[in-house]
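Here is what each chain is made of, one letter per residue.
There are 2 protein chains.
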Amino acid sequence: MARILRLNMAEKSYVWEEVKAPYAGLGGRAMTSRLIRQEVSPTCHPLSAANKLVLAPGLLTGATVASSGRISVGGKSPLTGGIKESNSGGLLSQKLARLGVQAVVVEGRPDDGEFSVVRLTKDGVEFFPATEYAGLGNYETMARLWERFGKGVGVMSIGQAGEKRLTTASIHFADPWGRPGRAAGRGGLGALMGSKKLKALVVDDKGAPPVPLARSEEFKLAAHKWAKILLAHPISGQALPTYGTAVLINIVNEAGALPTQNFRRGRFEFAEDLSGERMAELIKQRGGKTKEGCHPGCVIQCSQTYHDAAGNYLTSGFEYESIWAMGANTLIRNLDEVALMDRLCDDFGLDTIEWGVTLGVLMEGGVIPWGDGPAAIAMLKKVPTDDVWGRIVGNGSAFTGQALGVDRIPAVKRQGLPAYDPRAEKGIGLTYATSPMGGDHTAGYTVATNILGCGGQANPLVKGGNLKLSHDLQVATAAIDSTGLCLFTAFAVLDNPEALPCIVDMINARYGLALTADDVVSLGQAVLRDEVSFNRDAGFTTAQDRLPDFFQEKLPPHNTTWDFSPEEIDQMWKGL
Amino acid sequence: MARILRLNMAEKSYVWEEVKAPYAGLGGRAMTSRLIRQEVSPTCHPLSAANKLVLAPGLLTGATVASSGRISVGGKSPLTGGIKESNSGGLLSQKLARLGVQAVVVEGRPDDGEFSVVRLTKDGVEFFPATEYAGLGNYETMARLWERFGKGVGVMSIGQAGEKRLTTASIHFADPWGRPGRAAGRGGLGALMGSKKLKALVVDDKGAPPVPLARSEEFKLAAHKWAKILLAHPISGQALPTYGTAVLINIVNEAGALPTQNFRRGRFEFAEDLSGERMAELIKQRGGKTKEGCHPGCVIQCSQTYHDAAGNYLTSGFEYESIWAMGANTLIRNLDEVALMDRLCDDFGLDTIEWGVTLGVLMEGGVIPWGDGPAAIAMLKKVPTDDVWGRIVGNGSAFTGQALGVDRIPAVKRQGLPAYDPRAEKGIGLTYATSPMGGDHTAGYTVATNILGCGGQANPLVKGGNLKLSHDLQVATAAIDSTGLCLFTAFAVLDNPEALPCIVDMINARYGLALTADDVVSLGQAVLRDEVSFNRDAGFTTAQDRLPDFFQEKLPPHNTTWDFSPEEIDQMWKGL
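As they're listed, the protein sequences go chains V and F. So for the first sequence, our numbering puts the first residue at -9; every next one is plus one. So for the second sequence, our numbering puts the first residue at -9; every next one is plus one.
The shape of chain V in the complex, shown without the other chains (with noise of 0.2 Å):
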């Protein structure tokens, strides 16, 4: 019997609850939005007692099914001041699915000012002062916490970003090797951990039983050809458990909306230095590895462990967006100072998307030369100390700038966008524009037909189908994000007609339903009509729907520029 968890801090103290409507049902991205819609006033600060941090596994998280192991964590985001899911990889997801957690909800605030850590067994919930943890990095923490609870336990934990409620800190998951790799990175969430004086969950799912099948044969059939199609497509089979998610940079490059010099240009000249193809290279020499996947049952594969030149373990979990963050944008063209910072965010617990594109500001503002790596890290060396520069860096692209002065600042409701320019990929414009999660790929991932050609064909650098494709890709991955499926599954949704009948025939199987694929669109909408919702009462309107003034500059090499009215922009939401 699935049950919702509530953890208050303040008295650090524990309920179960059973799941009723308005939750009964949801899973993911929709339990998260749903709870902090129903439960969290719009207009609170973030940081206070009456925000709340959700965590949820997926519909099908838990279960044998492909690729499901992902966690949607929510809250009021301290970075947007808007509501927000981020959604990760690594071990903890699949075990609160089999304990029958179908939600954690993280409230209150202690007085005290003490770190705690939560352990979560089939026994129940334990509070432990963090004494010993408090100010570790998460690489440490995930090691001692493996160490004193077991190697193999599920972990969530902040690092120092988190500690000091630094507005762009991110949540950390071990991976199957207890490593931080993986992250909940946009957003802030992780200050919002920090708030709650919540330094790491620990979940344990020793002796607990397989998750429930209603359909036991039927849900069996269903996730073996589930698997198949996975491993049939291009990408989810082939390119991404190769090369990583670094594939996209010459892909992109190659597209011209590869953002560079803070979104001057959309090719760098480098750009080879930092493919996936030159990362695979090196990690066959140096004895890395690639193809792991974040969590058990994954079969695509698209982690990987990437050494120093000395052939020692520098960071995992290393993606495009990262790369790109702190490669091109940057003009830092040296793959193990980018791993280095990639390794030093996932330790501090800093989205290192907004990592990248504060480095763009600061660069922009004349504080770091532009490429010049060693400056770079030095920079980030600051967060966890005293040093006050941590304070400003830590808190993202919008705040660096407004404290330089600077106003070339790519972000949307303050948060930096992602890899690809939206005057070569107009598409991701209008996601990033629109999103309720603020500047953001994942949550309409137009990239897929617009640049890889799944699911059609659309022109990237004219304006025409585009609104569509963003709004149905956002309607499409809010569901997919309540599965606990990775999104990289989409491509092969896009492509294949039998992936998304079989998805709904697994939902169905595993909890005795009768759902269609209208459903799953009717989830989608019922999730953006909850987010759309709280911004607007947040204060949200649609002015904030935009993208910087200075995307109307014209971006080599196509010369496009972000040519959407306010008025085409403004259909996104309509009639949602």
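Careful, some of the hints might be misleading.
Identical chains share a label here; the pair holds if one copy fits it or two copies do between them.
What the hints assert, rightly or not - Restricting the straight-line Cα-Cα distance to at most 20 Å, the calculated cross-link-like pairs of lysine to aspartate or glutamate (DMTMM-like) are:
# : residue 1 : residue 2
1 : K564      : D527
2 : K458      : D553
3 : K544      : D101
4 : K210      : E488
Worth flagging that the hints you see were computed from the coordinates, not collected in a lab.
Fit chain F to the known structure of chain V by using the hints.
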């Protein structure tokens, strides 16, 4: 013939423009807000070339009318992101009016990054490189400009804070002694001026004729009566000239509405040490001077020269709100420490109220101990230096709170709240919440009625009547701010039924019109319509018309809370 002067800072050029619709007949705040509403994109970045800085003397400024020399400064606020009118005394406004300049519009932004000084005389406009002034504070800047361009010229300048585009930077105006004690303090318009690379504007009205009077005799009679009305009122005729605005310290403390220790209590046990009575006593002992006017022809003369213990000039224009902010709010009880910070803020060009509220947040976050004046002064001194703390604190209370992860931030629309606790002065709470300026007291100074008993009686501790009071005063103030009359004339206007007709008579006689008191109300409403609609298009909703949640705590000694519901607050601009 009155004209609009447009300065193009990108090309260092200017044009004169005839005043036509929609600007004809407007002065002061009516002019600045109309111009911004018409010409500035509400969604532009406040520091981008698209924003404009607008100056406008009031409708009565320049003529011989008591206390009519105020200037309105407007723009999209770098602090709040909404529209801003900030109002100042000083010499410049009357000189602009005598030169027939109804508004100065500072536009564009130079690429070369060099600061300019612009001088306006009856013979024309000149641009000078500001190389020798860049990096100087306002005291030295004004002294050098008087030396160069003549003692007694009008000067408007920014200090280092404005040059750095810190979003709480103020714009300063030379008083009759060439000191920068007069400021358009709130909303960071100094950062806007800094972004335009305008270090100073010098206005010399030598040789200019008197302002034309359509009906001269009628005007003189009304103006004579006006001066008598002001002098006959106990506040403008006695209290303000004798003690300055700091006369309010004891009064507001007695009322239990003096926010103490970052808005925790309504009484400060050492208020007496900071009082106007104490200040007057020290001024007498040390050879300073009370009863100075910020511009020629002011009969209220609320300003003063405050000397240090050694008898040397320390500061001037030393106001109640500044003393409260840096004093009771921070538990600093040494008036000389507060006076030194007042002096430094004037010199660096930083809003004194925001600085005091920011100090409260710094103390809340443990960066400076409560009541530690020397530490506060040391922090303030970092603003003009390369110390990066200056870039945090110079961006104000909300920004500093985000840097520190502090959530007890007394601000509305990111502007720190002034010197009256909204739980013990509920009318002003409504003004804070709903003024398009953000947390501001001058926009609808209900204190006049609630605590000072002008214009009737209302209980500041209960809700009843305060919505209408705040509304009517906000409308009236928008009109007063358009005449160039000092807000301190409002006490007499509230109490003396002959005062408003007298103002209308002066405007009619000056311009040959036949306005009625109703037209003045309509003007105020029109100003607010421009402002509220600009903010709406900038993305503000009623969700930003809220006080921070912590005002639901009880405030000693009256133990009242902020208990207006959102629905009650949202009546304010219904039907505007």
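Report the numbers of all earlier hints that the structure fails to satisfy, in ascending order.
Structure breaks no hint.
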